[in-house]
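Colleague: This is what each chain is made of:
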Amino acid sequence: MKIIVCVKQVPDAKDVRLDPKTNTLSREGVQAIMNPYDRHALEEAVRLKELHGGTVTVVSMGPPQAEEMLREAVSCGADEAVLVSDRAFAGADTWATTYTLSQAIKKIDDFDLILCGKQAIDGDTAQVGPGLAERLDIPFVAYVRKINDCTANTIRAERLMDDGYDLLEVPLPALFTVVKEINEPRIPSLKGKMKAKKIDIAKMTAADIEADPEQLGLKGSTTQVVRVFSPELKGERAMLGGTPDEQVAQLYEKLSPLL
Amino acid sequence: MDYFLSEEQQMIVDVARQITDEMIVPQRAELDETEDYPRDILTAIAKADLYGLYIPEEYGGLGGGCFEIVLALEQFARGCTGVATAFAASALGAYPILISGSEELKQKYMPLIASGEKLAAFALTEANAGSDASGIQTTAVLDGDEWVLNGTKQWITNAGEAQIYTVIAITDKSKGPRGATMFVVEDTDPGFSYGVKEKKLGIRCSSTRELIFKDCRIPKDRVIGRIGMGFITVMKTLDQSRPGIAILGVGLGQGALDEAVNYAKQRVQFGKPIISFQAVQHILADMAIQTEAGRALVYAAAKHIDAHKNDMSKASSMCKVFATDMAMKVTTDAVQVLAGYGYMREYPVEKMMRDAKILQIYEGTNQIQRNVIGQELNKEYTRS
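Protein chains in written order, with the numbering used here: chain A, 1 to 259; chain B, 1001 to 1384.
By construction, these hints were calculated from the structure, which means they are not laboratory data.
One or more hints might be untrue.
[Said to hold, decoys possible] Chain B is nowhere near these chain A residues, computed Cβ spacing over 12 Å in every case:
#1 P64
#2 I121
#3 P171
#4 E184
[Claimed, not checked] Stretches of chain B that chain A covers, calculated by requiring three or more beta carbons in the stretch to come under 8 Å of a beta carbon on chain A:
#5 1002-1015
#6 1018-1024
#7 1154-1166
[Unchecked claim] The calculated lysine-lysine pairs, modelled on BS3-like cross-linking and capped at a C-alpha distance of 25 Å, are:
#8 A/K180 / B/K1047
#9 B/K1047 / A/K195
#10 B/K1200 / B/K1357
#11 A/K191 / B/K1303
#12 B/K1047 / A/K2
For glycine and all other residues, C-beta sits at the position ideal for the given N, C-alpha and C.
Build the full structure now, drawing on both the sequences and the hints.
Modeller: This is the structure we're talking about:
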């Protein structure tokens, strides 16, 4: 089974600051990590490889520094890594990102399954997975919490829902986004780390993926950010004290004028 | 301090550190309470390739030596000496095969041990054979194509958890020290069973049990090395393995120092953090000096052992004594710095102090180590 995993480098959520002037994330000096949900996608791909054989290729669109994260992915069991990187990609929203990634994946061409994290913890849009599936015209399942079994042509997975789960069977190739309940990501192995140090990370530029320049980066983005602001806190908070009975009485007193 | 590790050695430290911080530290208090064997942690260590650190590449290992396993053990012991002991015990069980075993035995067992798929254990101690290894009463008698073992081994680390046991037994009582032989016993061999799990002061998540041999029959080819050479294999094994115990003292000392300094920075008395008082600073300074001195000696001894296979005893015993006596002192001081809080199980230092004591006892008491060092000095100065 040939699996592609899309990974994104994000700022470590433990260390997030906002630029007070622009209200955007300040990335200066903030540790960059692999998006935690992508880590679960990678683990699942490696697990499937160990179970059924095959290869795992990690793909990331990002700046040259993302290479470090791709090496980490190799140390955790990925066989190959591709960095899709070009100044022309800067400022891309999810629309332009899915276009860029789809062009890169069309170049890789041979795959049975694409796995992504359900969303990135910086943008939180959860749009790149489904958008990419749409661009590649392959079936898509979100919130996958378990991959049950797969044959040469089909795969079965459980989709996490608010009130349980759906069991789905889809034809391959397909794209899944996964939730953290799917597995426990492994710690890199020593042999993996040695391999990661030596491996050649394949690089793809806008020219390599034969992209239409109009659809890349800020120019190809349909989302325009007009203003970013912190929402003002509204409403008052009151703590009720005393025994549960007393608290109920106080609550009733406060609510009754509103009835 | 910078010990100028190679890139590969630094990777070993990084992988072991991550396992320690993400898995061992969060689980150690519970493992100490439940005394459960840390299977999931050992599985993660196996998946990270660390069981093969000291095993040659031709047997599926990474081809490192004493120094490489020491680097990993130091990190594990910083988290939990019990987990580190459970990991180290497999190496101790494997060394006899690696040191004296036939090519067939190595081919058969080392790849399984290197991958962590099977665990090993070393069985020397008996009720009447501790520091005096010549008191061994377990016997092995050749009967046709099989050896028949009878006797009981005591306080065997990894007993009941390991699948591969290296066991010393008397094969010819009349030959004295040349009358003992080492064997490989597998967990499924007929006539082999375990005693109850011992209740210990510290390193509680490691398994310590008896091995019971009642007409235990094993194939003839399970002999490790030559018949009658058992004690030589045991001595070489322990020379090789002792830096692994010494470094547990260093890791444990570092863990205790970390806890003590962090606490002293936060604990306020008389309106100031207690680290601002010289009385506390001096305790912490001594802890740091001793831990670093222990580390320097163990690293040096491990490198010496990797380079001088025929001259290991003194270096091995010296580092074991120094680093484990140091760990006892440093962990006791850590409890003193945390004082009342340190005595409570809510904080990790009382466990560290309990764990430290075994390091002065097992794999040869520190008194026996001093005997070895003394005898080696006597030999050295006679030669020159």
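Colleague: Decide, hint by hint, whether the structure agrees.
Modeller: Consistency of the hints with the structure:
Every beta carbon of chain B lies more than 12 Å from that of A/P64, the smallest distance being close to 22 Å; the non-interface claim holds. Its beta-carbon lying about 19 Å from the closest one in chain B, A/I121 satisfies the requirement of being farther than 12 Å from that chain. Here A/P171 stays apart from chain B, with its beta-carbon at least about 33 Å from theirs, past the 12 Å limit. Not every CB of chain B lies more than 12 Å from the CB of A/E184, the least distance being 9 Å, so the non-interface label is violated.
Given as covered by chain A, the region 1002-1015 of chain B passes the check, having 6 residues with a CB less than 8 Å from a CB of that chain where 3 are the minimum. Counting residues of the region 1018-1024 of chain B whose beta carbon lies closer than 8 Å to any beta carbon of chain A gives 4, which meets the minimum of three for the stated coverage. Against chain A, the region 1154-1166 of chain B contributes 0 residues with a C-beta closer than 8 Å to a partner C-beta. That does not satisfy the three-residue criterion, and the hint is violated. For the suggested pair A/K180 and B/K1047, the alpha carbons sit about 21 Å apart, so the restraint of at most 25 Å is met.
The suggested pairing of B/K1047 with A/K195 holds, with an alpha-carbon distance near 15 Å, which does not exceed 25 Å. Pair hint B/K1200 plus B/K1357 holds up; C-alpha atoms about 11 Å apart against a cutoff of 25 Å. Between A/K191 and B/K1303 the alpha-carbon distance is near 23 Å, which keeps this suggested pair within the 25 Å criterion. With a C-alpha separation of about 22 Å, the suggested pair B/K1047 and A/K2 falls inside the 25 Å cut-off, and the hint holds.
Taken one by one, the earlier hints fail for this structure at numbers 4, 7, listed in ascending order.
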